[in-house]
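Asks: Take a look at the letters that make up each chain.
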Amino acid sequence: MATDVQSDHAVTTTDGELPLVGIDRRRAGLGAVGFLGFLGLWWVAALLQPPYVLPAPPVVAEAAFAELASGEITTALGESVRHWVPGTIIGTTLGVAAGVAFGWSTVLDDLSSPVVRTLRPVPPLALIGFAIAWFGINHAGAAFIIAVGAFWINFYASYGGVEGVSDDLLDVARSLGVDGDLELIKSVVIPAASPEIMTGIRTGIGRCWMLVVAAEIFGVPGIGRRILRASNNLQVDLVITYILVLSVMFLLVDMAYRAVQRRVLVWR
Amino acid sequence: MAINDSDGSAVEVSGISKQYAGKQGVVQALADVSFRVDPGEFVCIVGPSGCGKTTLFRILGGLEPATRGEVTLDGSPVTAPTPNMGIVFQEYHLFPWRTVRGNIAFGIDNAAVDGINQDERVQHLIDLVGLAGFGDSYPKSLSGGMKQRVALARALAIDPALLLMDEPFAAVDAQTRERLQDELLDIWQETGKTILFVTHDVEEAIRLADTVVVMGKEPGQIRDTVPIELDHPRSRADAAFGSYYERVRSLIDG
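Here the protein sequences line up with chains A and B, keeping their order. Using this note's numbering, the first residue of the first sequence is number 1, and each one after it goes up by one. Using this note's numbering, the first residue of the second sequence is number 1001, and each one after it goes up by one.
Simulated from the structure, these hints should not be mistaken for laboratory data. None of the values given here were measured: they were computed from a predicted structure. Ideal placement from N, C-alpha and C gives every residue a C-beta, glycine not left out. There's no promise every hint is true.
[To be verified] Below, a sample of chain B positions facing chain A; criterion: calculated Cβ distance under 10 Å:
hint, residue
1, GLY1062
2, LEU1063
3, THR1067
4, ARG1068
5, GLU1070
6, PRO1077
7, ALA1080
8, GLY1086
9, PHE1089
10, PRO1096
11, THR1099
12, PHE1106
13, ALA1151
14, ARG1154
15, ALA1157
16, PRO1160
Chain B with its partners taken away, still in its complex shape (with noise of 0.2 Å):
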């Protein structure tokens, strides 16, 4: 049974600005933010914090307003958050009602996705996500990890052509990080879906983009996107890594 029903979908980001009324006057958290993301494409945003990449996050997936600029999928605007779209929040926002399978299965339950045998697609990302087992848990008893992957395969269960994801492995202990970087490169190999995936982790962007997308603070701007041009698996012993990681970190320092 194939998760990639779908391919990728291209995005489009054009000037997106955003100001907030603060207590100190207008704050420009964004300025003129544009790139585009091909379909199938795997984009990191890389900042350090404060830099606006939470609030540009929120704004790619439809969570927030701009107050200038326009983001498209596949050349329609969003405005709201669409099943096109599977987001991953750092804070996993599991449904701690549900149990492991129930999760997965939110948006299969209410969407309705048509034509394919539900219980199997659920066990199924179970495994695809390293689950198995696990189904019947509820989310208070799994690790922050394990929490993860149940995000994950929730958001990949409606087949969204996007996976938009905010720092999704910022809270689990190094050695798991790690392993799940390996596994969404393995399960975007698989998929072929279109990633961003925002991050504060130069390494990490490294690790996993296709291109970076750099952002600087103050106001939050892209500095410039570096394709990385480094077959899979990289390597941080690298010397092409090193010279990456250089030249993005140079570039976030400004």
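Next up, chain A with everything else stripped away, as it sits in the complex (with noise of 0.2 Å):
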């Protein structure tokens, strides 16, 4: 039977992606032309101003190179790192974790609910008299104030994305023999809200390397500890080149990622 399905087959090879390395070479050069004018108007800028208000790019760059000459940067950023990791590690394992059995128990749902809707507007920041007392100033308090953020993030995420998991494929399963939660989760729950849990870890790792200087301000050493003491100093050259060091951080885990993403959401 069922020979002929040529005129009943369309399958398409355009799906709108980027393929991985070829670049869209208009999108390509109207961001050179973008970041091109943008340090155009720092520099112009910077003309007009005193250089400990605002100083111009050679003078940030000098600074740079001096700071990774001298091995300045890698020591901040391996001191960095070494929170960074647990914290988003653990912070969105934790929320996705969580994310997923709230939003598919309605009884542990309405169980925490009170309790989410208190502790959720609470800022990281904020818990840094119990980083410090339960951890100490070191990078387990970091990672503390770093895992805070990461969960809630990925916890809503996640939460959304099981929320919006169709009824109809969880039916489909049930009639196809899967039966229990945990069968359900894992073969349908965690799948079909895969995008929504991939968007928010991606959105929680980023935001973990904002939270990277909010967790050092109470003294651990890293790069948000070089921001503020160079901050302290009036040093703008060395505070632009930490935020320019965070910036190419999240640029290169994002693309790592986003790599990664594409991959396991291969089917969108």
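Got two chains here, each in a separate frame; can you build the complex from them with the hints?
Replies: This is how it looks when you write it as structure tokens:
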């Protein structure tokens, strides 16, 4: 039977996604123009201000190379990574797990809702006291602050993703013999919610780089600490240098993550 | 390798009623619906839109409860979706993150059907529904007709005794619909499964069914059951086909 599916199939080859390597030239070109424009404005603005208010790009470049040559950047980065990595991983894992569980179970959801709503608006920075009391002025304390930030972003992304899973897909799975919460979560809920979960993880990773600065306010060494110290000394060129380090790190991690995301969500 | 490991089931629908609390009071969606389906029989439920056939489909599949009455499958009450009943929806509801092969294998993966070579079975089903060469495609790249073939193969994979289908071919073009109907008849004849097929298309019902259950609306109820005593393949040009058509039409219009 069914030998001719010819007129019945329409396999699309244009899926609108950019290939991994070849980047859209027009977009890249405009991006370069925008970047150079920004640099130009900065430069012009710097000429009108004393250097302790806004140093010109070459001054910052000089400072950046000096910091790089002396190994300061690598040291600071190494310190920050030591709480960024565990904080992000722990916060993300717990956030996704809790979001999936509470999004799936109405009982858990109803039980936790008042607590969640109370804790949700607390900014991670406000928890610095707890970080110090529970973990001390160290990487664990800073990781805690970062993890709290990652937790909520992932919690809500996963929760929303799970809530959006179609009941029809669950019905289909049940009619195909999948029974029990854990089985349904594993075989339907998580894959169906994976686009939202993956977007949450991505947002969380970015937010965690921002939180690196906040988490180091109370004295843990790293990029954020360097920024704060340079600020206190009015070394604006160093402030900008370390901000750029954060930006570059964010960009690199984000690019790597997007490559993974595209692979995982190839079915979209 | 056989797909028809299990023979068709008997279905008994007794006194099904369904009421909803609507904005203007209670809505009677279904009133005292009863009929029976013999093992291996192909039954089409046909009725105008709004006659409650989708509600009946959901109750038959154990997807929602009836207010009164009972559906039994080989004697046991249906209260939840069961692997003894393969369900095919109008909107396919494929798992978009799985390939064609992965979708078809879903029930086998999860229910661990014993004693068969899974890869072979999945490949056989891919061939059976005419999707050879598309095993590794994702649903997003398939046409409506192809998606419905995948949904059918997925339902057949766990070897249910009954196939329950809700307007499965309503969303595809006329040409494809006819071909899918023929393929479904082939599969039915090959596997001997019981098929319960909901449609609003009278012609489709007469082309396919051994028995047409005709529904009317307000409230949704059975007007009559019409046995179609025509050999396959059936032709619309046939005079007998035409008189069945007129009869069912007039029953629907009341």
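Asks: Each hint: holds or not?
Replies: Tested hints:
| no. | hint | verdict |
| --- | --- | --- |
| 1 | GLY1062 | holds (8 Å) |
| 2 | LEU1063 | holds (5 Å) |
| 3 | THR1067 | violated (20 Å) |
| 4 | ARG1068 | violated (22 Å) |
| 5 | GLU1070 | violated (19 Å) |
| 6 | PRO1077 | violated (16 Å) |
| 7 | ALA1080 | holds (7 Å) |
| 8 | GLY1086 | holds (7 Å) |
| 9 | PHE1089 | holds (6 Å) |
| 10 | PRO1096 | holds (6 Å) |
| 11 | THR1099 | holds (8 Å) |
| 12 | PHE1106 | holds (6 Å) |
| 13 | ALA1151 | holds (8 Å) |
| 14 | ARG1154 | holds (7 Å) |
| 15 | ALA1157 | holds (8 Å) |
| 16 | PRO1160 | holds (8 Å) |
Violated hints, in rising order: 3, 4, 5, 6; the structure is consistent with all others.
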